[in-house]
Amino acid sequence: TRPEVLCALAWGLLYCVIWVTGGRMNGDDAMRSWQLAPLAALKEAPLSTLWSIHTQPPLWNATIAALLQLAPTHLSVATQILMIASGGLLCACTYRIAFSFGVPRRIAFTLAFVGTMSSALLASGFSIRYELPVAALLALLCSVAALPMIEPARTWRG
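Going by the working numbering, the first residue of the sequence shown is number 71, and it counts up by one from there.
Worth flagging that the hints you see were computed from the coordinates, not collected in a lab.
These figures come from a predicted structure and were not determined experimentally.
There may be inaccurate statements among the hints.
What the hints assert, rightly or not - Pairs of lysine to any residue, SDA-like flavour, derived with a Cα cap of 20 Å: (1) Lys113 to Pro128; (2) Lys113 to Gln150; (3) Lys113 to Ser146; (4) Lys113 to Thr143; (5) Lys113 to Ser103; (6) Lys113 to Trp130; (7) Lys113 to Ile123; (8) Lys113 to Leu138; (9) Lys113 to Leu145.
Unchecked claim - Label pairs and their computed distance ranges (CB to CB): (10) Leu79 to Glu201: 18 to 24 Å; (11) Ala136 to Ala193: 23 to 29 Å; (12) Leu129 to Ala193: 21 to 27 Å.
We put the beta carbon where it would ideally sit given N, CA and C, even for glycine.
The task is simple: from the sequences and hints, build the whole structure.
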């Protein structure tokens with residue numbers, strides 16, 4: 071099994087353990103967050119709402135609008151699935167970046183897992199805010215940029 075997959079699964083398992091022991095999505099964030107346009111507007115008229123927003127991040131609002139269209143009565147469940155995927159992607163990409171810089175596999179795995187299981191990062195996975203998905207996308211871009219470094223790092227280590 072690829073270490074990146076193990077990183078993602080480990081992060082998802084940790085998230086699920088927190089969920090089983092009482093961690094829940096904070097739906098109040100959606101009502102008072104400056105990051106989101108009104109949910110009713112995103113649900114009823116997503117395109118015109120996205121066109122007219124000024125201070126809210128448009129890509130995040132488009133994501134929430136899409137989730138509202140896919141799961142109109144279960145936004146918190148759909149958002150939790152997005153957060154699990156984002157956290158797993160962040161952990162996997164963090165491993166990939168560390169490995170591309172020549173860090174041995176076990177140490178890279180430990181750094182990625184411990185680094186992405188901070189309380190602040192895990193807490194952001196239980197709120198409807200864009201920090202975790204944005205961090206995951208940035209890590210994905212960095213890991214893709216680091217791909218040319220991986221083969222030389224493996225050759226150098228023998």
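- Query: What hints, given by number in increasing order, does this structure fail?
  - Reply: none
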